[in-house]
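Colleague: Chains C and F, in that order, are what the protein sequence lines are. Under the numbering used here, read the first sequence as residues 1 to 258, first letter to last. Under the numbering used here, read the second sequence as residues 1001 to 1486, first letter to last.
No lab work stands behind these hints: they were computed from the structure. Among the hints, a few may not be true.
Straight-line alpha carbon distances no greater than 25 Å define the calculated SDA-like cross-link-like pairs of lysine to any residue that follow [as the list claims (entries may be wrong)]: (1) K1103/F to N44/C; (2) K108/C to L248/C; (3) K1343/F to E38/C; (4) K249/C to K1103/F.
Okay, the calculated beta carbon distance ranges per label pair [what the hints assert, rightly or not]: (5) E26/C to I1063/F: 54 to 60 Å; (6) E26/C to G1106/F: 30 to 36 Å; (7) K1103/F to F58/C: 45 to 51 Å; (8) I55/C to T1304/F: 17 to 23 Å; (9) L1411/F to Y77/C: 36 to 42 Å; (10) I1258/F to E139/C: 34 to 40 Å; (11) A112/C to V1331/F: 37 to 43 Å; (12) I1156/F to D72/C: 40 to 46 Å; (13) L1058/F to N116/C: 55 to 61 Å.
Since this is a predicted model, take the numbers as computed values, not measurements. Glycine included, every Cβ here is placed at the ideal spot set by N, Cα and C.
What follows is the residue order along each chain.
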Amino acid sequence: MSSDQTPVDPTKPDLEESTNVAKAHEEVTRNAAAVSREQQLRENGLEPVSTWIMIAGFIVAVIGGGVLFSSDSFFNYEQSVKPNYVRAQFDDGKAAIPMALAADAYMKKGAALYKNCASCHGPGGAGNGAVFPPLAGSEWVEGSGVVPALTIIHGLNGQIKVAGATYNGAMPAMADGWSDFDVAALIYYIQNSFGNKVGQIYSLDQIAEIRAISKEFGKKPMTASDLEKYLAHKFEAADLPSETMLNLKTGEVVDANN
Amino acid sequence: MASDITSQQVEDKVLRASIDRSLRHPVMFFFTSGAAWLALSLILGMVASAKSHSPGFLGDCGIFNYGRVFSAHMATFIYGWAAQAAFGTIIWLMARLSRQESKKSGVILSIGHAWNFVISLGSIGILLGGGTGKPWMYFPDWVWPLLIVCYFAIGIWSVIAFRVRRGGHVYISQWYLMAALFWFPWVFLSGNVFVNSFADAGNGVMAAGINAWFRSAMFFLFFTPVAIASAYYIAPKVTGRPVYSYKLALLGFWALAIIGPWAGMQKVMGAPIPVFLQYAGAAASILFIIPAICVGVNVLRTTTGKSETVAHSPSLRFTVAGIIGLIATAVVGGILSHPDALKYTQFAFGGTYGYEILALYGFFSMCMFGAIYFIVPRVTNREWIAGGLIRSHFWMSLYGVVFIGLFCGILGAFMHGYSLEALDVPGEASEDRLLAYTVGITVGWIFVALANVFFCFHLLMMWLRLGRRSSHPTLLEHHEPTLPPA
Chain C
1 MSSDQTPVDP TKPDLEESTN VAKAHEEVTR NAAAVSREQQ LRENGLEPVS TWIMIAGFIV
61 AVIGGGVLFS SDSFFNYEQS VKPNYVRAQF DDGKAAIPMA LAADAYMKKG AALYKNCASC
121 HGPGGAGNGA VFPPLAGSEW VEGSGVVPAL TIIHGLNGQI KVAGATYNGA MPAMADGWSD
181 FDVAALIYYI QNSFGNKVGQ IYSLDQIAEI RAISKEFGKK PMTASDLEKY LAHKFEAADL
241 PSETMLNLKT GEVVDANN
Chain F
1001 MASDITSQQV EDKVLRASID RSLRHPVMFF FTSGAAWLAL SLILGMVASA KSHSPGFLGD
1061 CGIFNYGRVF SAHMATFIYG WAAQAAFGTI IWLMARLSRQ ESKKSGVILS IGHAWNFVIS
1121 LGSIGILLGG GTGKPWMYFP DWVWPLLIVC YFAIGIWSVI AFRVRRGGHV YISQWYLMAA
1181 LFWFPWVFLS GNVFVNSFAD AGNGVMAAGI NAWFRSAMFF LFFTPVAIAS AYYIAPKVTG
1241 RPVYSYKLAL LGFWALAIIG PWAGMQKVMG APIPVFLQYA GAAASILFII PAICVGVNVL
1301 RTTTGKSETV AHSPSLRFTV AGIIGLIATA VVGGILSHPD ALKYTQFAFG GTYGYEILAL
1361 YGFFSMCMFG AIYFIVPRVT NREWIAGGLI RSHFWMSLYG VVFIGLFCGI LGAFMHGYSL
1421 EALDVPGEAS EDRLLAYTVG ITVGWIFVAL ANVFFCFHLL MMWLRLGRRS SHPTLLEHHE
1481 PTLPPA
């Protein structure tokens, strides 16, 4: 039932010769009324796809694409639910801030961030053979927090002696775009995991001091001799008291009286 | 008048009439038993909805438990009505478009009986407590292999008719029909095999995800193309105009083929399955708006300026309403699938149900009613008995689906979801808020079920060939009889 006017079945002889067309038509009309009033199907509309449809399609595609890319990683069968989801807690009708003691908040946040480190330094901080140095029992980690912080922010190049063995590799800068809370949480985490027990809870003012030191080095990676200078660094700002409550999401200090 | 009739046109008509005659019984069987299942399904839906707000309704009888009645309601709707209406439309449309009489109508009719028998046993199984409780796979476990076997025995003849079609040209509806014929076994087999057979061995959460995909794919990849095929046939046929734009039809078809299979898993957003599957599902459900716009614009523009025909012809009126239903389904589906909206509707009562009713009734069933009102006078050679019944069927269906699907189902789900999120008020408040909407669903189904009981009787009378013998079609508005166009 296409639009073209070629015969239905070219192999059949044309009825025009043998049949009285008018009579045949009357018979069909009588016996198949619904069929005989049917119209030919035509699909040859040549209207172009209008601009409005394209605009509508584009808007839909932008919204759909936005949703698609908010999933972060494609074809990653490992990532099942977005990590660190903390549901708002309700208290007397107000959305309460999810909070925890400073040390707990740092450990929780740090553990999440340590996933970035675990591929080289190992999930238990034991390093990897002669290539990647351990964090567990490392004199560089257990000294002042400035040293691990600078290493994370700048990366590290050249020879370094860790726990009696010499390593010669390159660590890239890891902390691009990290907040002060992220840096504080991660150095607290590595200084207090894998058997390390430093226990110092860094305040955001102390991280600001580290950022000031970091500025002197620009974008350049650290070397062991650079880091050595800061092993015994003393902060001017005070540590965070252990009873401070922190907002789990932002790391801000929550005023308990509020 | 007869003088300008050519032998070509007469031969066309003779061929059409013989195709229609060859398919009379299987087509009428699928439509009539489908309509009977629809009426039954809506009555079950009414009972299920009544149970949801008045649990004491019909007493403690186990057969009428909410879980069983609701499962039976959806199962009979999908496999009793929707699938059979689709089969009837597929075999008739494919035969007509391929210009081939069916030589296997006896086989199709027998397998149609087998399908109905299996569905009946399965529905009784659900009511007696043997259902699986898995959405769209409600029947007891042994039912689905039988259904797929029946499907192959029904569908294969349409594929063959397409292969031996006369005239090389392939019409738009045939693309969709062929796609549906191949997508159904893919979706049905992979969905059921993964969920029913591998779920125990594998990941139970993933089975829920695949089940969600199955629901979405059955709709996007089987019911949607069949309804679109019918709309692309009815609109140009009844108006006598060419399809508005061939390019747009191509675009719509391939957009559906590319986007459709990805949707579904957004229903399990937040579950411990790979997160990108859920977001890809959400994005695909939103992107489904694109093929819906293509088809909607194309079909509606084909009928533009023919508002009188749309008002008069039952088939065109139902089809146009169905295509508007397609656009509504796509937009609502996109909104519901957006991750920000899922927060409210994912666990709320009626969001999914409202969407499925909108999709399966407001879009698919309306298009199928259009096809049935077109096909039945041709295969039975009689005209519809009562225009009033058709008119009431139309208005009840339209108001019913807007009220039940959009208002009670989806708006109700947002209201319920909003209450569920308000953790500072007692949980009862959300139930109070929901009550009006669930009562609304019950009342709505009473009217729609009534209209469809009459529809089923109307079809039965037509099958018994009690329709009007006339050369004038049954139209919906009063008009002066005119001679049929040549």
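Colleague: Check the following: the C-beta atoms of I1156/F and D72/C are separated by a distance inside 40 to 46 Å.
Modeller: Hint holds: Cβ distance 45 Å, inside 40 to 46 Å.
Colleague: Given the hinted pair K1103/F and N44/C, is their Cα-Cα distance within 25 Å?
Modeller: Roughly 31 Å between the alpha carbons, so the hint for K1103/F and N44/C is violated.
Colleague: Is it true that L1411/F and Y77/C lie within 36 to 42 Å of each other by Cβ?
Modeller: 37 Å, holds
Colleague: Is the distance from the Cβ of E26/C to the Cβ of I1063/F consistent with 54 to 60 Å?
Modeller: 58 Å, holds
Colleague: Taking the beta carbons of I1258/F and E139/C, is their distance inside 34 to 40 Å?
Modeller: 58 Å, violated
Colleague: Can the suggested window of 30 to 36 Å be confirmed for the beta-carbon pair E26/C and G1106/F?
Modeller: 32 Å, holds
Colleague: Given a hinted range of 45 to 51 Å, is it respected by the beta-carbon distance of K1103/F and F58/C?
Modeller: With Cβ atoms ~49 Å apart, the hint holds.
Colleague: Within 17 to 23 Å or not, the Cβ separation of I55/C and T1304/F?
Modeller: For I55/C and T1304/F the Cβ distance comes to about 20 Å; the hint holds.
Colleague: 55 to 61 Å was suggested as the range; check whether the CB atoms of L1058/F and N116/C agree with it.
Modeller: Since L1058/F and N116/C have Cβ atoms about 60 Å apart, the given range 55 to 61 Å holds.
Colleague: Range first: 37 to 43 Å. Now tell me if the beta carbons of A112/C and V1331/F are that far apart.
Modeller: With a Cβ separation near 38 Å, A112/C and V1331/F satisfy 37 to 43 Å, so the hint holds.
Colleague: Verify the proposed pairing of K108/C with L248/C, using a straight-line Cα cut of 25 Å.
Modeller: Holds, at about 8 Å.
Colleague: So if I understand the rule, the pair passes when the alpha-carbon distance is 25 Å or less; does K249/C with K1103/F pass?
Modeller: 70 Å, violated
In terms of the numbered hints stated before, the structure departs from hints 1, 3, 4 and 10, listed from lowest to highest.
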